[in-house]
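Read top to bottom, the protein sequences are chains A, B and C. According to UniProt numbering, the stretch in the first sequence is residues 1 to 286, in order. According to UniProt numbering, the stretch in the second sequence is residues 1 to 276, in order. According to UniProt numbering, the stretch in the third sequence is residues 1 to 184, in order.
Simulated from the structure, these hints should not be mistaken for lab results. There may be inaccurate statements among the hints.
Short, incomplete list of chain B residues facing chain A, as computed with Cβ under 8 Å [as the list claims (entries may be wrong)]:
{"hint": "1", "residue": "D57"}
{"hint": "2", "residue": "E148"}
{"hint": "3", "residue": "I149"}
{"hint": "4", "residue": "A155"}
{"hint": "5", "residue": "E274"}
Owing to the predicted nature of the structure, the values given are computational and were not obtained by experimental measurement. Backbone N, C-alpha and C define an ideal beta-carbon position, used for all residues, glycine too.
Take a look at the letters that make up each chain.
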Amino acid sequence: MNTVSIDGLGKRYGATPALDGLDLELGTGVTGFLGPNGAGKTTLLRCLATALAPDRGRLRILGLDPAVPAQRTELRRRIGYLPQNPGLYPQFTAYDLLDYVAVLKELTDGRRRRAEVRRVLDEVDLTDRARTKVRKLSGGMRQRLGLALALLGQPALLILDEPTVGIDPEQRMLFRALISRVGESHTVLLSTHQTEDVGALCERVVVMNAGRAAFDGTPRQLINRADGRVWLSTTAPTGSQPYWRNADGLYRRLGDRPDDGRPAQPTLEDGYLLLLHRSAPARVAR
Amino acid sequence: MSGWHVDEGLLADYDRGTLPPSRVLAVDTHLLACASCREQVRVDPVWLTGNWSVVFDALHEPRSGPLHRFLRRLGLPEHRIRLIAATPALRWSWLGATATVLALAVAAAYLGRGGMQVSNAVLLVVAPVLPVLAVATAYGPPADPMHEITDTTPAAGPALVLWRATTVVTVAVVMGVVAAVLLPGPGWYAVAWLLPALLLSVGTLALSTVIALPAAAGVLGGIWLAGVGTAVTIHRDSSLPLVFGRTAQLGYLFAAMTAVVVLTVRRRRLDPGETR
Amino acid sequence: MERPVDESSGDAELLGAVAAGRADALRLLHQRHAPWLRARLRRRCADADVVDIAVQDTFVAIWKDAHRYEATGADAAAWIWTIAARRLVSALRGPAHRWLGGVAEPLPDVATAPSAEELVLLGIEHGDLGAAIDRLSPELRVLIQATAIDGLTVRESAKLLGIAEGTAKTRLLRARARLRELLT
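Extracted from the complex, chain A is given alone in its bound form (with noise of 0.2 Å):
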């Protein structure tokens, strides 16, 4: 059975669609959602999280339908959800905010939830870091301390909004480490803007563009989609392409081969540039 199955999911804010008529059947392991900004990624993730309502379509979550007030609050015990902007209380210490959380979550009982804290704060490396207050937490322990509420109560499903934006290079290498350790036990859903993250994390990716999904596959299919169109020239191109110079004093470039073109190993980035070219028709004549 599939985790997720969205079908014909849509919401707009006012006149604007933010998703559109979106189909979509997830599995478990890591999927990661790729997008330019607008595209619709976080407004999915809230709805699956629950967070908020679509205008149309139908979501099953789990096996459960978030239309429907008891199931949606099942549906609430089994999943964790790290916000792209979570709002810690900065005057809380980690373990206040953590345990504060955990009562939220239904640890009603002190020692049972006293325990589970301790466990997340372990998973997340911040156990010598319980007595620090949120607003003296550096951005990346800030995350870890997110991604650790999420943790809480041992959810089936976690989704991820954004999870290494703000952090710095290092800490986003930690940090990566600690999802795809998470996601050997869990399913995970996470958005980002790294086509890096896609492919050190995710088994699945979904190029999510204008309230679709313009691409759903592995990140091996994305970078074979660059296959053949990409290349390295003297001369830039003169159409919308993107390319850029690289450290050898050649032109990286996308699309048809230029005259004196030689080809160039494809990246993931190269798949995702070149398909966003595709999905905006106007701009790319092939």
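Following the hints, complete the assembly by docking chains B and C onto the known chain A.
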């Protein structure tokens, strides 16, 4: 003594309590002096982890302030106190602001004494709005920056909203009563504003099933301030008994009961995951 | 800024880190010292639950008092043991325990107890100290143990043993006399 160390057999006998007293003393003193023999003492890892977890919890136990102790005395369970204590409105900043407004209202009454009735009525007009402001900042955006996490936990929904709202309204009302008792003038002043406060608070919650909570609070609070405020300013002497008189109070009670019914029927919509 | 601590860090270093508010350092100390503290405390108190509480209290006390350690300059293990012995006395004051809190005349804490050094000297001087201790009656021996070996005051020893302070003082004097007698 320098070459002598505690061996496993001796340690086992020590642990079982079968050693003669002098040997116990010898092991005692040796353990204190010898780090490597201390390391020989083994314990069940389960015991060690369990013992440590109690220590760890003792270090991290959130400090319980006076409010915490008071609530515990009222018989509230620990986990419920934790929820209430994290209510965004229960910050010192909020408490301070409420206290300041009330103090100013009382001060105005004293300063304007013998003069106009208006200053006397400031508290009566302002006090019912304070619980509304409290409700508006009890949960959800923008008062609660963590609302997205809160909203997606199994505790989210009407029960949590009502617990928090009740808590903050209680605090605001207690503060209001204290201020009203200090107010010069007829004794009924101290309680006259309670029913309007109840109506506005419950009404705000009921209205928040249709529009966002801060907007609901703004609408009802605004209507009250504009309507009653204007009436009291223009017709000082005549409007006060009218607005807070017996007939009006019955009206507030009836309207508040209606709001309770509306809230009960529509309470599911207090859940952010519900279609509006 | 913060030096990492691990299993190889010395006790003093760990205590320094604990004083700086590092819970991981306290955990290392707990792993290192809780086992032997438990073993030793069990020879002083038969109630395993009370011993467990005393061990826990010891580490909570270390957490709060670690900054005082530097000043004493004593051996860390000895310092920790002093805390543990006193925590056991406090734990015994728990409501469910046997100590009945007999009201005694407040006595000044004069050094009536023989020190550990004195015992050792006696042993060297007169030989068989072990045999003498074994022949001492249990009620006298436990007082020697509490004062000379565990480093408790007479008042604390009395609490640990559940006897009145005056009794403890009398018994200690008797113990001392008896020990000399046995050794000569």
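> In ascending order, which of the hints set out earlier in this document are inconsistent with the structure?
Replying inline: Checked against the structure, no hint fails, so every one of them is satisfied.
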